[in-house]
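Guided by the hints, dock chains B and C onto chain A, whose structure is given.
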Amino acid sequence: MKRYSAFAVAREALTGHKGWERAWRKAQPKKRYDVVIVGAGGHGLATAYYLGKRFGITNVAIIEKGWLGGGNTGRNTTIIRSNYLQDPSAAIYEKARSLYETLSQDLNYNVMFSPRGVMMLAQTEHEVRGYLRTVHANALQGVKTRFITPAEVKKIVPIIRLDGPRYPVLGALWQDRGGTARHDAVAWGYARACSAMGMDIIQKCEVTGVRQEAGRVTGVQTTKGDIACDKLGIVVAGHSGVVANMAGFRLPIECVALQALVSEPIKPVMDCVVMANTVHGYMSQSDKGEMVIGGGADQFNNYSQRGSFHHVEETVRALIETFPMLSRLKMLRWWGGIVDMTGDRSPILSKTPLEGCFINCGWGTGGFKAIPGSGWGFAELMAKGHSPLTEEFSMWRFREGKFIDESVAAGVAH
Amino acid sequence: MLTLQCPHCGVHAEETELTGGGEAHLKRFGPGSDDDAFEGYLFLRENPKGVHFERWRHSYGCGKWFHAARCTVTMEVFGTYTAQTSKPPQDLLDRISEKRPGWRWRDLNEPA
Amino acid sequence: MSTRLATGGRLIDRSKPVRFQFNDTWLSGFEGDTLASALLANDKVMVGRSFKYHRPRGIVASGAEEPNALVNLGKGARHEPNQRATTTELFDGLYATSQNHWPSLEFDIGAINAKLARFLPAGFYYKMFIHPRPFWKHIYEPFIRQSAGLGRAPDPETRDPDTYEHFYAYVDVLVVGGGVAGLQAAKAAAKSGARVLLIEQTAHWGGRAAVDGGMVDGQPARDWIAATVKTLEGMENVTLRTRCMGAGVYDHGYVLGYERLNDHQPQADGPRHRLWRIRTKQIITATGAIERPISFAGNDLPGVMLASAVRDYVVNYGVAPGERTVVVTNNDDGYRTAIALKAAGLAVPAVIDPRVHAIDPPLVAQAKAAGIEVLMGRAVAKAKGGRRVTGIVVTAHSGEGAALREIACDCVAMSGGWSPVVHLWSHCGGKLTWDAHHAFFRPDPAKAPTGADGAPFVHVAGSANGYLFLKDVLQDAENAGRVSVGLERDPAPDANSEHAAPIHPVWMMPAKAGDDLRAKAWLDYQNDVKVSDVQLAAREGFESVEHTKRYTTLGMATDQGKLSNINGLAILSDALGEDIPQVGTTTFRPPYTPISMGAIAGQARDEIFQPIRKTPVHAWHEENGAVWEPVGQWRRPYCFPRKGESKHQAVRREVRATRNGVGLLDASTLGKIVVKGSDAGRFLDMLYTNLMSTLPVGKCRYGLMCTENGFLTDDGVVARLDEDTFLCHTTTGGADRIHAHMEEWLQTEWWDWKVYTANLTEQYAQIAVVGPKARVLLERLGGMDVSKEALPFMQWADGTLGSIPARVFRISFSGELSYEVAVPAGRGREFWDLCLHVGADLGITPYGTEALHVMRAEKGFIMIGDETDGTVIPQDLGLNWAISKKKADYIGKRAQERSHMTSADRWQLVGLETLDGSVLPDGAYAVADGRNANGQRNTQGRVTSTYYSPTLDKGIAMGLVHNGPARMGEVVVFLKEDGETKVKARIVNPVFYDPKGEKQDV
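Residue numbers (the working numbering), protein chains in the order written: chain A, 1189 to 1602; chain B, 392 to 503; chain C, 331 to 1332.
The set of hints was computed from the structure by calculation and includes no laboratory data.
Treat each hint with caution, since some may be false.
[As the list claims (entries may be wrong)] Here are the simulated distance ranges between beta carbons: (1) B:Gln475 <-> C:Asn1210: 32 to 38 Å; (2) C:His468 <-> B:Gly452: 51 to 57 Å; (3) C:Asn1319 <-> B:Gln475: 44 to 50 Å; (4) C:Gln1093 <-> A:Glu1340: 41 to 47 Å.
This one's a predicted model, so the numbers in the text were calculated from it and none came from an experiment.
Built from N, CA and C at the ideal position, the CB exists for glycine as well.
With the rest of the complex left out, here is chain A (with noise of 0.2 Å):
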């Protein structure tokens, strides 16, 4: 693999950038390999990097039925934060968030991990209350965040409005290292970094089937052929029960479309990320200049990639509200992803009752800021059987009980 870096960019600059090589090889499929993993999101090629990185495991193949970081990984608003009350999800998400510092580095290819700060405002007492619990809960968990005065916010984000007829700005919790990353390129250097370990990266090539014996699994099936596995790892944000279904089993997931949309660019107004939980929106700038902006996920079984626009309306309403000059800004483009929501819309990844298979998936509205810390855990998992980090995301524990519930601090969890 050729490094990158500003001097090999001049070198190029004088040939003609004739020298550039494939960001990843062009492969077919080999007959057999040690782990197959389904899905070159994010979260698939996070778990193929780690698992060549930590585990010596290489002989393996990412297989994708579309383009690779083509799903979710490329459809959302690129959120990085770990300021989540529950442990489990704290130890994740900030294992991800950890890891995204430093990414561009371990990969050689810019993510542009911007930590520019993520603000969650609290706009009622009860949030209030429940973002002090969640300052508390991160203190312990090793998370650095904070609650912040309605003046804080204010010089952090001067086109915020804190005294909207509606819903004053109370405070709001203030995690300083959250920020974005640029979501295409997590995928395309994870992905370029496989490729330099002798991954497969084979795009184009859909499963159409889970091969076993005996409970364990043996293979796919896929519409280039049959390849043969010892470890399957099922990474198919949107798709997930699908692909379970093939492997004999069902999900406590239900797909629905989320939206999101970015204004035209202006000029840089706002340096970090917002989010507004009691109106539904949140926001950011992204390097080019577009706002940003998400809000609530849409309310029935849909595969489509499309949304309603009413919630769209809702989304742009309240941000209005919360930050009045958008309205005269233009909406540039909208679009819809397809995600998995759990029964508590916390993840799962976890053995499977097909043994040798393992299953990512249940991202719920916030999948991409975990994608490291998610690649991370699910290797380990894959390669010996547990890890910490993935201990409580088992797909058995909606029938003990044992919820992962972050719906307690915020209403909404992208």
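Chains B and C alone, transformed into the frame defined by chain A:
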């Protein structure tokens, strides 16, 4: 932006008048049921990419719950029917079979 | 230079001059101009800077596809960034400034980027700025952000002075696009009597035909357009709207229309924009086609424009974009521009056409006859110039770009063919097919978007459907109109038929252009994506069209690739050695062009952003200085500070006054749901953990409700009104939710049970009269016996108080003698005022939610939302006494049998008292020894409610502690927010005040 005809009041209701209620025809398991049955009832979901039987409430209309059969990919609505039944009407099943030959869902005669 | 012609301009009114400012210079135009045409009339050719390289940018197009001419429009609170000059109608006093440069449009420091262009290829930022680590956030990123971003942001304190509204429309057929296709389709559909809505994004009907002419039904196209509009206006079943764009198509025939009512007359009354929410049975998209640029070196210089746009400026506005215009075209349509320019008396030194014609097609012959030199088989090697094109180099199209001759010019009109506007077709799942003959994607009729019935609901008409000639357009539109209302096809009006030579697709000009030329051939003008960038992406393995788009940013600018996508896609296909249809397009997403956030939000802003629910006593609270607390959609008084009093002081006063005298609480927001029927008792036994069916008539019982998942979700007092009727009180936030919960179970699970429910929350005002003097007060009101004997604790009675009909409940959430009095909502204020009047000498004191909380905490009563958070079961809260052991089932019972729920390791409710009497921090956790496997501190409990108790003059708290009730007297350590400072607290009984309950039962 769905519209569904409420079988109770007949109104072609806008999605904004409706509240979704998830998968339909789940059999309730109460005290004494085994873990599998209870987990299946409360958590495991068919979540099909295709024909889905689901519950809706005409919340901002007549207030009644009803069932709909809808494709989760194309949003085609095959029909709506009363919530006060434990399985879809046969003529609706026949209609779906006609439009989607070979479609499958969980066996509606078996407990979930 | 570009100038206003002495004559011509079908859309302008030369008798009405209009004054406007561009970059603080006063200029003039005419009514009917767009800002773009007026700028060109004033020789303002360079109007902006590009995103990445800050290259000079001129007007390219004449409509919504314009990528370059974006301005900051308006001043102060009406400032709006990124307005397209081509779709901005000129008005008197218009104020615009150009964007993305510093210090000025002409001298822009950022233009240094252009000099560094070769060091900034596609995706350069992924490969650079990696070291040292902190530099990205602190140095590189701020620089990149500052140089990006286009328009100037509105001022942070901007409050939009304009208003916006939403509109609903329900129609049979919606026709989007008011060109000849849209008009004909609307007419064809309307003849059937169907309700038709026809919308056109510009201010004018007729689209291109009005510019390009032709004959329809024996009359000139413009006359036919006027006549057809008149016919449609005369039809009752037809609604027409100009300045109204079809923004997006959604499932089940939902369409967004975006009407710009006052953008062209900002001083006029009424809303600025109107968002149409249209439900239609059928949609006809007659959205036309957009001309493509040609990729040759220097094609981004100001003065290089689309051929059709040049024609539009001449014909519509009487503006000559240049004095000498070279036309470069790969299809016959481009010749129309040469002919139009010549007819306007302007110089056309040459038409450059990479094709070679054996026999000249009619337009070519016509151009030649007009004396225009036509260079066949030729191409533009490059355009020359700086802030404006000064000439072109002619070369053989088949070659690498060797110069044959140079032609001086100040305008280049280019036509790379046309692309149907397929956006609306695609929004809801319509698929496209590649038409190799015409070199464009058009809608695939076999893969139309389908509606609720599974049948197609979008039809396409005219050039949007790939028909480029008038006769075909009209026939296609007639067909679409008739098919949309279920009629057979019928002949359309006759129009002159045309003959044209086929287009020769040109994706790179000249065909074998070398690297140096490719690196200067622009695809995306706004985002600065060049042919070489797409080729680099392909080389690096970004083979999916989505990868290439994201890697190069092709098509991601504010025009969303209307000009660049097909050209870029063709370059990518070529680089990959694949066919264009195999590579496919990116996804088309709404809106078609950007729409204002204000319009999306509509009327609901500020006070009416969300409705405020008001109790009958709301106005009194407001008049008496209540500090509000939003609770759901309600507002409840948090406390009533008197002059000079802080909130804390007010709360303490309210608590003391209530404990020692009498307090008054507006409890009207509490849910009141009547459950009635012969199975009502049976139903409530399922709903509550307690046994409710045994409750005697006339009595009250506190009950708990769980979700089917076992968690405590609501609580409240149930009163049995008669044998078949119960009144269930819920929490303020719970009323609607619990009512829906009841209905869900009744309708979907126990539908054969004979039970009705009604949510009467707003039918009654409910006022709590609380404190040792409460009885005295009610006795003074008179009307019913409220003595201990007549109305004991946990009973209710109907009667009158002060001649107001009242239902009085002897229940207490404070531990004091307490009556909750429900009166008809319409008499709530009267009752409140009466109490205040009669109780004045008793020191009657209204109190708010915080005093309520303090008093309930002193008594150890739980609060839903404080002691519960969706993860707590009643068993955790010491509420086993409220869980019936006799019942076989209730909602949540099975869930509570699960292993984690029955575990002995759960955290359970206790009281907490700090050793120093201080108030425990809200939300604090009690720590245990060691750390878990993830390195987190182990915990053994947390604070759920914590207050200063004015009654006991010390901090009191409740919390959930591991095995708490078994550890009475033990001291545990809580940590403050910093995770270090310790606060020691003793585990105690959660009932701090009147543990025997003597005060409430007197």
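Structure-based check of all given hints:
Range check, glutamine 475 of chain B to asparagine 1210 of chain C: Cβ separation about 36 Å, and the 32 to 38 Å hint holds. The hinted window of 51 to 57 Å between histidine 468 of chain C and glycine 452 of chain B holds, with their beta carbons roughly 55 Å apart. Taking the beta carbon of each, asparagine 1319 of chain C and glutamine 475 of chain B are about 49 Å apart, inside 44 to 50 Å as hinted. A hinted range of 41 to 47 Å for the beta carbons of glutamine 1093 of chain C and glutamate 1340 of chain A is consistent with their spacing of about 44 Å.
Every hint from the earlier list agrees with this structure, and none is contradicted.
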